[in-house]
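Can you make the complete structure from the sequences, with help from the hints?
Protein chains in written order, with numbering that gives the first Met the number 0: chain A, 0 to 339; chain B, 0 to 339.
What the hints contain is simulated information worked out from the structure, not anything from laboratory work.
Among the hints, erroneous ones may be present.
Remember, identical chains collapse to one label, so a pair may be satisfied in a single copy or spanning two.
What the hints assert, rightly or not - Keeping only pairs whose Cα atoms sit at most 27 Å apart, straight-line, the calculated DSSO-like set for lysine-lysine is:
no.: 1; residue 1: K146; residue 2: K20
no.: 2; residue 1: K283; residue 2: K43
no.: 3; residue 1: K133; residue 2: K146
no.: 4; residue 1: K119; residue 2: K255
no.: 5; residue 1: K283; residue 2: K146
no.: 6; residue 1: K283; residue 2: K151
no.: 7; residue 1: K43; residue 2: K146
no.: 8; residue 1: K123; residue 2: K315
no.: 9; residue 1: K20; residue 2: K315
Each chain is listed here by its residues.
There are 2 protein chains.
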Amino acid sequence: MQRILNTPETVIEDMLDGFVKANGHLVKRVTCDSANSRGVIAAKDAPVPGKVGIVTGGGSGHKPAFIGYVGKNMCDAAAVGEIFSSPTALAFLEAFRAADGGAGVACLYGNYSGDNMNVKMAVKAAKREGIQVKTVIANDDVASAPKDQSEKRRGVAGEILMWKCAGAKAALGGNLDEVIQAADKAIRHTHSIGIGLTPCTLPGSAHPNFTIQEGTMEVGIGHHGEPGIEVCPLENAAGIARRMVGAVLPDEPFRKGDQVVVLLSGLGATPMLELYVLYNEIEKLLMGEGLLIHRSYVGNYFTSLDMMGATLTVMKTDEELRALIDLDAECAGFSQSSPT
Amino acid sequence: MQRILNTPETVIEDMLDGFVKANGHLVKRVTCDSANSRGVIAAKDAPVPGKVGIVTGGGSGHKPAFIGYVGKNMCDAAAVGEIFSSPTALAFLEAFRAADGGAGVACLYGNYSGDNMNVKMAVKAAKREGIQVKTVIANDDVASAPKDQSEKRRGVAGEILMWKCAGAKAALGGNLDEVIQAADKAIRHTHSIGIGLTPCTLPGSAHPNFTIQEGTMEVGIGHHGEPGIEVCPLENAAGIARRMVGAVLPDEPFRKGDQVVVLLSGLGATPMLELYVLYNEIEKLLMGEGLLIHRSYVGNYFTSLDMMGATLTVMKTDEELRALIDLDAECAGFSQSSPT
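Spelled out as structure tokens, the structure:
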């Protein structure tokens, strides 16, 4: 494989060092108690006294998620796992400590068994230290289970909109319950689906960790290559857009006049040119359904190493969520000014 | 090839439509006189009366360049060419018209024969309309010709730092000569080199448009796959960093204590994780040489479709250039707040 690496064993350390060096105006490295916990990235000014801390975390390989969302008006700290593996409980605990300014911590993460287990342990340990942590688990991937089994659904790129809303709520002075409510409202109205065109390859592997045949695409693929709901012949951009929109819209269900936020993320190796071609088709379909697009984000926001493909995320907003989405933010993976 | 497209014939139109829809708060499409000119993207508020207009342009396939640098405190308009082809003279002329607020236009573009020819024609036509245009041609690619033949050197990712400095100068009220001087100073002190790990494939092609053998890398590769100066066995991140830094530093030459801006761009299909691993090694080498890193940018800033690899750009700064680099900016490909 054609990769830019030193050794597979050091890839996370090397990446974290490079990340902090490149973004030293926004973030800092938190030294951990244990060599077992790979590391924690915290906002430069964390913890902010009196502000609810926003924590996330997850496996590596999804850049800019998760550490790229640590910064101004977004997350205060992120726990870092190995490639496609949950951070340890200790890493989550360190992240809680780094983010807690005395007003409690909202831990907002994706629905994977390792993360669930480790967050639960860390929350208990934090309680013993007097840090109150409440959690919201993202489960926006509509392809990962039927709607009536949403507790089985995975969290994917919709997490970004959850962090955005909760981060803004905390920055605006919301208390822990208000921040948790904002995060919960955001993710409950957020629906995502991924389509994969190529597999991805773990650093140090000679071969991809699964297969997508040339000329086919996998609809509903997960962020780690979890099987989708259908493998079908590769379609053109309009066809891919129809499948994505067709999977996402019935899930809310979205209705004419709904004001939505749209996030279209490449999976790592998709050229931006193609993302814009795809967004053009998606926008036509959403407008055709009478939806009003409040904001849209097109880029590599939540990736799967070098996978080709994209995820579409659509969030239904109300006035509160729109105001939270619109607040300015600055972090390595996501920057915006307030609307002028 | 696994691509998200409708037809190769419509890829530029589809992409431009998607781009403007996704970034309607920042940019607008300029309708052109002629079907021959693919299009022009202008900042939403362009032209700004009394402000020098900043124009760039180039072939498509380099997203977010060129159109992703149109926005607040950066470029006012960009002319769009076909994939890897210069925009037409008419497109450049339309971009001048869209950017001219009565204080003249600085056209800042890369050193390619098609662009040189078309800009020259457009400048003449603009003069007949009473629009004064001055140009600076970027030639930051140190691998494309020896230093004493810098007029033969190609412009690559260093153009971004030129646009940043000139855009800031214009935003701060600089007149046309002052803006041109800032752009010229920026690019004269900017040095880049690319390393390619895979070739790229034009939309609609079944095969890559050149070859890089598995297990090798091409040092000094151009943004369109122009041959580099050496094909050698693929090295680890530390080795790649040594080659990049070794090529760039002697070219200024950079000296201990110099304050530099560093831009490390992926070429399209390089996972962010690997860019941070590479940046970590580059930073060590620059620090080892006694350079002071004023700011660094790591991301996909100037790409070559789906090529794997990266370009390193280092700019020597003085007080003026640092102030210009530090000004806030917001465009699709590049956003930053002013330092606080």
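Against the structure, the hints:
no., hint, result
1, K146 with K20, "neither (42 Å within a copy, 30 Å between copies)"
2, K283 with K43, "between (41 Å within a copy, 22 Å between copies)"
3, K133 with K146, "within (24 Å within a copy, 60 Å between copies)"
4, K119 with K255, "neither (40 Å within a copy, 50 Å between copies)"
5, K283 with K146, "within (26 Å within a copy, 50 Å between copies)"
6, K283 with K151, "neither (31 Å within a copy, 44 Å between copies)"
7, K43 with K146, "neither (39 Å within a copy, 41 Å between copies)"
8, K123 with K315, "neither (33 Å within a copy, 51 Å between copies)"
9, K20 with K315, "between (37 Å within a copy, 19 Å between copies)"
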